[in-house]
Amino acid sequence: MDFFGASFTAALKLLIAFDATVWEIIQTSVSISVAAAFIAALLAIPAGVFTALTEFSGKAILQHILNTLMAMPTVVIGLLLYGLFSRMGPLGELGLLYTQSAMIIAQSILIFPIMMNLTLVTVNTADPRLILTLKSLGADKWQQCFQVLKAVRLAVLVAILTGFGRAIGEVGAAMMLGGNIEGYTRTMTTAIALETSKGEFELALALGIVLLIIAFILNFALSWINRRLT
Amino acid sequence: MNDAFQLNNIKVLYNGQLALDIEQLNIPANECMAVLGENGAGKSTLFHLLALLQKPDSGDISVLGNKITGSPAKQRHQIGLVPQHPYMLPGTVTDNILLALKLQKVDKARHTSQLQQALETVNLTQLADQTASTLSGGEQRRVAIARVLAFEPDILLLDEPFANLDSFHQRQFEDVITMLSNDGKRTVLFSTHDRLQASAITPHTIQLLKGKPVSAPLLNLFHGHYDGEIFHTKTLKIFAAEGSLSARHIAIDPLAITISKHAHSDSSARNQLPGRLTSISEADKAVRLTVDCGDKFEVIISHQALSSLELSLGDSLWISFKATAVSLL
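If you read the protein sequences in the order shown, they are chains A and B.
Just so it is clear: in the first sequence, position 123 is 108 by the working numbering, and no numbers are missing.
Every number in the working numbering is 5 more than the matching position in the second sequence, counting from 1.
By construction, these hints were calculated from the structure, which means they are not laboratory data.
One should not assume that every hint holds.
As the list claims (entries may be wrong) - Which residues of chain B face chain A? A partial, calculated answer using Cβ under 7 Å:
id, residue
1, A56
2, L58
3, H82
4, Y92
5, A105
6, Q109
7, I264
Just so you know, even glycine gets a beta-carbon here, dropped at the ideal spot from N, CA and C.
If we strip away everything but chain A, and leave its shape as in the complex, we get (with noise of 0.2 Å):
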């Protein structure tokens, strides 16, 4: 217990201090997952929107794949980006493997279907009436795909955000696809995974205490907007 006590105290003294290697992780983890979250979204959200509002043959399958995908293990991601990436592989000549850019795609292949599915469901749920309100108004496609967005916004919020903390929060393609370099791809979470198998238990617990605030942060959010949404 007095282990745990002084390894706390330590974590906290580093955070206070502003201690630049910290830091340097944090801001890498944050960015890697902003930037993974950014194009998930750029690329999940009018997936979804017009996925529930287009009836084609296949929808009930593509809703139980986005299903099954929002739980795919991140280490199936990273091990198929992996044997892309590698020089062996079909994409190995671009040299992205043990980049941040193949840690976003990774990411933004992660968060994808929970930000489409989550995108889907708002928008099959809300009022019918808009549909029908807009369409009757003479609204074309993507007018009402824009409409539609609009009135569900704070929905939305909450799928990128989810998709966010689901990004940030995942190890496996992170190692594996960024190989945890100190200074380019060390993240909180593989950063914790390296330091605890070292013994360096101040920084893993300090990084874990930033996760938990993040989590915390996100968490606050979501409910702000659940408030603002009933």
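Given chain A's structure and the hints, the job is docking chain B onto it.
Frame of chain A, contents of chain B only:
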């Protein structure tokens, strides 16, 4: 002149059940027409079909002479639908109307004038800056009317405009519909289950019974079966003129029913039923009586007849009508 709508061999199914079955229906342009029918008769389905929001399972529709094929986006610009429970888009009343103008691609220079005109028509100028979703049901319906009037559609469809409104607001809506249809520049269709309310606005009606247009007036509508001479409801036996044995409904025109204090043995009316007077109300320059004979009958008589019969609530009286006044449906 073109018809506003031409419907041919239309069938609409819900969960395998026929919700609308129209062999042929032509709705003339630039007239006001009421669509009458009980709840579940298919009025809202018909309106969704006419507003091109729903495709029929079979059959075809023409709007102002143009047959609808593929995407009806262009024809939708000619039609304005005001649903029974309109959805208010985010923002103020003005935002709602301006968005409609934008979606309809109305020239921006005309936005202000058309917004003002639409607001004035439905007496909403005072509420222009209010958040639309916070308004009362009647006010929201007025916003929905202004929202479609603003883009000046050739056809205006009002689904149950009088539902859940108090008598003051019902009167207000009657005036609005009369005003909108009086200039002869647009086709106005409204649905209601109240025949007398409809007749106060227009003599032209489409009557729907279980998804089918019928020619008989849908007052005194009873369910039962026909044995070739008598129609049996749960409580009454009513003589009916010849008709199909498959008929499951009858309707009796309230104007074809006479009232007397005693039975007439010499009357040519084969149907004479004793009953009790349960309501007296005014209805479009006449008097509407409800007589409970086991089933309730609506009867229309003149003010003169009312005073000469010296009727009062609770009186026992007889209603009489000929077998030929009974429409088998």
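Tested hints:
no., hint, result
1, A56, "holds (5 Å)"
2, L58, "holds (6 Å)"
3, H82, "holds (5 Å)"
4, Y92, "holds (4 Å)"
5, A105, "holds (5 Å)"
6, Q109, "holds (5 Å)"
7, I264, "violated (45 Å)"
Checked against the numbered hints above, the structure violates only hint 7.
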